[in-house]
Amino acid sequence: MARRWRKAALKVKNSQSEVKGPHQRYFNMLTYKLHALGDYVKAIYMFGTTDNFSTQVVHDQLSYVWNEPLPSCAPEDHHQMSKSYRQFRDIPERLHRNKGDVAVKDFLPKLKDHILAHLLSYDSMEPPAFSDKERNSIMIDRNRLYRHKIIRVNYTTYNLRRARNSLNPRTHADVMVLANGEQEDGGLIPHPYWYAQIVEIFHILVTHAGGDSHNHNSEPQRIKFLWVRWLARDNNHVSGWKAHHPHRVGFLNTNTADNAFGFLDLSQIIRGVSRFKRGLI
Numbered sequence: 627m628a629r630r631w632r633k634a635a636l637k638v639k640n641s642q643s644e645v646k647g648p649h650q651r652y653f654n655m656l657t658y659k660l661h662a663l664g665d666y667v668k669a670i671y672m673f674g675t676t677d678n679f680s681t682q683v684v685h686d687q688l689s690y691v692w693n694e695p696l697p698s699c700a701p702e703d704h705h706q707m708s709k710s711y712r713q714f715r716d717i718p719e720r721l722h723r724n725k726g727d728v729a730v731k732d733f734l735p736k737l738k739d740h741i742l743a744h745l746l747s748y749d750s751m752e753p754p755a756f757s758d759k760e761r762n763s764i765m766i767d768r769n770r771l772y773r774h775k776i777i778r779v780n781y782t783t784y785n786l787r788r789a790r791n792s793l794n795p796r797t798h799a800d801v802m803v804l805a806n807g808e809q810e811d812g813g814l815i816p817h818p819y820w821y822a823q824i825v826e827i828f829h830i831l832v833t834h835a836g837g838d839s840h841n842h843n844s845e846p847q848r849i850k851f852l853w854v855r856w857l858a859r860d861n862n863h864v865s866g867w868k869a870h871h872p873h874r875v876g877f878l879n880t881n882t883a884d885n886a887f888g889f890l891d892l893s894q895i896i897r898g899v900s901r902f903k904r905g906l907i
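Under the working numbering, residues 627 to 907 are what the sequence shown spells out, in order.
Simulated from the structure, these hints should not be mistaken for laboratory data. There could be a bad hint or two in this list.
[Stated by the list, open to error] Below 27 Å or equal to it, Euclidean Cα-Cα: the simulated BS3-like pairs (lysine-lysine) are:
| no. | residue 1 | residue 2 |
| --- | --- | --- |
| 1 | K736 | K759 |
| 2 | K736 | K775 |
| 3 | K736 | K659 |
| 4 | K736 | K709 |
| 5 | K868 | K850 |
| 6 | K659 | K738 |
| 7 | K759 | K850 |
| 8 | K738 | K775 |
| 9 | K709 | K850 |
[Claimed, not checked] What follows is a set of in silico ranges between Cβ atoms, one per label pair, in the way DEER data are often shown:
| no. | residue 1 | residue 2 | range |
| --- | --- | --- | --- |
| 10 | W867 | A755 | 24 to 30 Å |
| 11 | H704 | L656 | 57 to 63 Å |
| 12 | G836 | N881 | 19 to 25 Å |
| 13 | D727 | A869 | 33 to 39 Å |
| 14 | H722 | H871 | 44 to 50 Å |
| 15 | A755 | Y711 | 28 to 34 Å |
| 16 | R761 | G876 | 30 to 36 Å |
| 17 | N881 | F653 | 54 to 60 Å |
These numbers come from a predicted model, not from an experiment. No residue lacks a Cβ here, since even glycine has one placed at the ideal position from N, Cα and C.
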């Protein structure tokens with residue numbers, strides 16, 4: 627026991643003799659605050675103290691912006707969209723910012739043609755050629771497009787059940803609609819469907835000053851629609867029931883097709899495109 631005490635006392639004595647004068651410390655990123663002490667005063671004058679900053683405010687704002695819950699709807703309803711007005715796009719600013727982009731070529735005339743076709747009960751996928759005077763009868767409230775994150779579409783499955791697609795521009799953007807039944811190039815039997823990819827989901831508030839409108843309410847009307855990029859069927863690809871291959875589609879060439887982008891009424895959507903490769907019908 628005495629020997630153990632002597633060893634302990636010797637260690638304390640040796641350690642005390644070694645601690646003499648300042649120790650040299652090397653730069654270490656784990657203790658960077660100690661090396662930056664000389665810049666603290668200048669930084670406080672420029673930006674304020676560190677307790678004035680918090681990422682919580684920005685995080686809460688982002689959660690509020692992107693949180694767009696949809697309550698459950700009846701299976702008989704064709705579609706469902708949020709009624710939120712939080713996210714909007716200013717049309718003149720949007721067109722100016724994307725000037726030269728083929729996606730927004732004739733954006734405003736096409737939008738007004740779609741709105742007029744909707745109000746006058748025309749086929750909004752192939753609206754007639756409206757005049758500038760007729761387009762000027764459409765007044766867009768605040769020149770705003772109200773943007774949405776998701777829509778739901780209820781449809782009937784192949785086994786006559788009701789099902790629902792959640793569609794959004796990011797992960798499930800492809801939709802199918804009924805074709806107009808016109809004969810295709812080369813006398814081919816017309817394909818019954820058209821396909822499109824959702825670019826953005828909007829609603830808009832408009833007032834129609836024309837006398838032909840079926841709704842003469844002076845209050846702005848809420849119109850829901852999709853901005854889409856159309857897909858065309860590849861007629862050179864052997865497909866169909868006899869070939870045992872599904873049809874192949876691709877984007878319309880934006881350099882040669884003026885209707886590569888367009889607007890689609892939500893009521894015309896049949897359902898999202900089936901993903902047979904993943905076993906989803």
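Each hint tested on the structure:
no.: 1; hint: K736 with K759; in the structure: holds (14 Å)
no.: 2; hint: K736 with K775; in the structure: holds (22 Å)
no.: 3; hint: K736 with K659; in the structure: violated (58 Å)
no.: 4; hint: K736 with K709; in the structure: holds (24 Å)
no.: 5; hint: K868 with K850; in the structure: violated (39 Å)
no.: 6; hint: K659 with K738; in the structure: violated (59 Å)
no.: 7; hint: K759 with K850; in the structure: holds (23 Å)
no.: 8; hint: K738 with K775; in the structure: holds (23 Å)
no.: 9; hint: K709 with K850; in the structure: holds (10 Å)
no.: 10; hint: W867 with A755: 24 to 30 Å; in the structure: violated (38 Å)
no.: 11; hint: H704 with L656: 57 to 63 Å; in the structure: holds (60 Å)
no.: 12; hint: G836 with N881: 19 to 25 Å; in the structure: violated (35 Å)
no.: 13; hint: D727 with A869: 33 to 39 Å; in the structure: holds (38 Å)
no.: 14; hint: H722 with H871: 44 to 50 Å; in the structure: holds (45 Å)
no.: 15; hint: A755 with Y711: 28 to 34 Å; in the structure: holds (32 Å)
no.: 16; hint: R761 with G876: 30 to 36 Å; in the structure: holds (31 Å)
no.: 17; hint: N881 with F653: 54 to 60 Å; in the structure: holds (57 Å)
In terms of the numbered hints stated before, the structure departs from hints 3, 5, 6, 10 and 12, listed from lowest to highest.
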